[in-house]
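In order, the protein sequences belong to chains A and B.
Residue 146 is where the first sequence starts when you use my numbering, and the numbers rise one by one after that.
Residue 30 is where the second sequence starts when you use my numbering, and the numbers rise one by one after that.
You can trust all of the hints, since none of them are fake.
Example chain A residues on the side facing chain B (calculated, C-beta under 7 Å, incomplete):
(1) Val612
(2) Pro666
(3) Glu689
(4) Gln692
(5) Asn699
(6) Val726
Capping the alpha-carbon separation at 25 Å, the derived lysine to aspartate or glutamate pairs in DMTMM-like fashion look like this:
(7) B:Lys295 / A:Asp679
(8) A:Lys732 / B:Glu202
(9) A:Lys672 / A:Asp768
Honestly, the hints are just simulated from the structure, not real lab data.
Because the structure is a prediction, the values reported are computed rather than measured.
Glycine residues also receive a C-beta, built at the ideal position from the N, C-alpha and C atoms.
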Amino acid sequence: MQTWTRRLAVLGSGTVLATGLALGGCGTSAAGPAAAANGAGNDTSGNVSGADGSGDGATATDTPGGSDVPVASKAPVLDLVVDGNRDGIAELANADDQKFSNVFDDKHGASFLANLDDDDGDTVRDADDGVVNGAEDEPDLARVLVAPWPNAPDGATGLLTLDEVGSQNVRLFKKNADGTWTLVAGVTSTDQGADLPAGIASESLGCTADDDCAVTGNYKLEAEDLRTGAEFGVEARRFRASGADGDWDGFVHLTLTAKDGAGVAVKTANAADGKEVVMLRVAPWMLHGNTSPFDRVRSAAFYSAFVADLKIAIGAAGLDFVTYKSTNKVNPKHLDYWNDQWTQDLYQTGWTAMPGPGGKMQHMRVANARPWGRAAGDDWLPITWLVNAYLAPDQAVATFYKEAETGSTYDSHGNHDLLPPYENGDDKFPVGRIIHGSNVLPETKAFYNAQQVQGPALVIKSDWLAVGHVDEVLSYAPAKTPRGWKLLVSSDDLALTMFEKAQKDGHGAVTFWSGLSNYDPKTDKQKDAEVSIDATLADVDLMEWSQKAQIQINGNHDAVQKAVGLKDDEIVFIPCLTEDVGGGSSKKPENKIAWMPGTVNSLVFGDFIAMPNPFGPTIDGNDLFAKDLQDRLGTAVNQLGHDGMGMKVHLIDDFSSYHIAMGEVHCGTNPEGPPPAGFMWWAVGR
Amino acid sequence: MTTNPITIKPTNFQELTNTMKPCKSKRAVWTIAVAAAVVLQAGTALAAPRATEGRGVALTATQLPAAARAQLQHEIDGWRVSHPGAFRAVAQVKGCSKAGYENNRNPQPECFRELKALGGGVVLPMLSALVFDVPQGLASTPAERTALTVGLLRAVGVARDPRAAPVLKAVFEQGAEDVRGEAAEALGRLGGDAELAVLTQHSVAGDPLRLAALQGLGECKRLAAAKVLATQLAGHPDETATAITVRSLGNVASSWAWKAMVQGKKATEAEGLQVRTTAAQALVPAFAWASEANREEIAQALQMAQHPQSAAWLAAAKTGADAATARAYEALAARLAKHSR
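Given the sequences, and given the hints that come with them, work out the whole structure.
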């Protein structure tokens, strides 16, 4: 604990109004970094006023508020402070910031951001260019304050040292007297990945002594720095990538040591060993789930019917709808064009945040790219499009894979989702839990688990599907229940039951379109392939495949139900029959795909659900399956929606555009938004 | 008969081309070019010469017995004259050529769904593509050719046209290893005595086609097939053979499939129950000695069979089993009970 005389008055914005650092001795006031806010463009170096040094030998006094506030003395000062109390402001005079500067648990400890957005709009991520990118970027730096040692003698020096592994993953900037920032430590080279799409460099390439990037492990403070104190900002160049031994654990430790004018190591009461140490944890990447507060949806604009239906649904919810056109031009370098209609798959939307002033999160949205594109070459990697289309102020882009053009269908992000928050005994996932299917790249799994708070990921079997994605069989919807959400599960059993009932009710001859063409020998021509309910129920192969699919779904259902502790009435079944396209091997004996539009494969945003139009048989003037979806999801029967009165069901024509191409509405859309309210990852405790 | 007034239409070709060409005028040109190519392809198919020495995607014609080859060629030639549209239909299948699948969610060649939808009227063009001549442009790369072969075999099998038997037998016995299982399944679907005999003959230990034969027997919805599989399982085959045999027992005993058989008047409920009984009674004891992975396969197969007496048989099997196995039987019984229909 150091000796200060006045408490600090700080606005919610973080601007220091009256920081009185009574740093007496010579009767001079020292302008120093009394407080600096994460999440605000504060300027401590120029705004300090009202110093009222109490002279030599000052001791701790009581403040009007009653808390201990120390006063300055001639004694050497060796003090570092971070935002240990998580109020978004690092304050030298704050006892909790002082006390909790070198811990991280569910209540205390500072964090910092992987600064992967682009606040100056130069299409280079802020962590990649070695500068602080303007006033908007300053809040993205977590503050580390060096307390003034007003009486530091001439010749005194300090050394701010970063731990070795941490230094390879962060940049440390020092704020200058004129308000500018200078990169002083951590990764100090600025040309990393210059020839690669953003995101490739910093996540996949470590920066170690063996690499060609420069790492500076410490910064020397001169006597004047020590006298005035110093303000530093720290950013991470990447998220924590794995929990493996030797990999970065996500923490950076900064150690301050000092020598007096005679070169003798300084020791103080609070740093008896001559070392003042603080730590910060890099904020995790957080995945969005169906109950997130989305405010924008993106999709391809390739198909008019799909877009028109989607526009109505998204408009009704008041969300932005952003589309991109098709192209096969090499490297279009334009955000309005891309060659992949599977918007859900080519990137994933998440966020990252640290505590900001005023109880708010200092956050940025994060889109991470799939490792492969639909054409060869870097120009067609999803990260290339993300850099052009998504990267912006407070919108970050990243890659979590080791090597571009690796992975498979399982690494498309429709195979990766988030279970909404739950507790089940000792398993507590207050900010949701990642769920993914089979055969995900090992580094992706390691990445998810390394984020800790939304993991360990729940892994379910999806390799029985031809596409292999969890969104083909599972979804989640808000509900007015104690848990707040219910699981939606695709059900061949339910579809069969519905067909059987329709047949029993005398509608067996009703036909519906299968979506493909049938050859008619009578006319020697092709026509729309239609099938009757009777023929469907007599289709031996379809029934066998659907039954097998149901059994696989049962396994998925059981795994999620057991993990979450769902009661049976917290599961809503969505009807669909399944076929198998064949080509199975002993390693992958099944290749199932939705035979009819896979309606569970839907986009959920707020109390809205955009579902594939099932185009089922029409009975008594109603589409059998569309009516069922409306009854099942759009009424109070299952307590869905925040008011329990049902979801607002919108049917989207994705038949020709997505269903036939082995996907549905969820696969063709991607929602994004800010962090969910209350998702304070730092309070999770792991 | 009530008909469904659905107004949706097949995939809008114009929209598909839009995905590739943002320029409207170029798009029109491209569309015309593609249409012309389709016509040319169809023309190629129509003009294909008699191909007694031809090569299909799965076999060369000479791999068929001479008599069967001649008979099939005769039928194909006749159908080509009377039903040229059938050959055009197969020639226009898109899913196994790059332009047709590269925008699929999982961009792998897949054309079974298209071929199945075309129906039984294209069996002869499909057999022709398997053995005699492959319409140009259907598949180019090895992966595409494999996918086309799978699609054709599967669609032919699903059509259950006995004229396919010689081709399916030849592919099963002489075709590439990665399509033999599919050919065996198709043989099983034909389900005649000859097909059953072929599959049974090759299902024994030591036969190089054993695994494919076991796979094929699962699609042969006959009591005899179930008995062969049960016998093989009782012999404690190796891990892989056990997995396939178990899976096939589940398939052959699929209660939903047997219901469909009854629905289509192809079998009686009693026949189905006999098969399901045979399968379930073979699966229950195998659970005791099977590996963990194969216990999962058995659990799934028993769910397929969905036999009303499974619970009783599991309870009986538990008696006398060691404690761990007994617990596993109990868990299995609970799982079956939870998801019983």
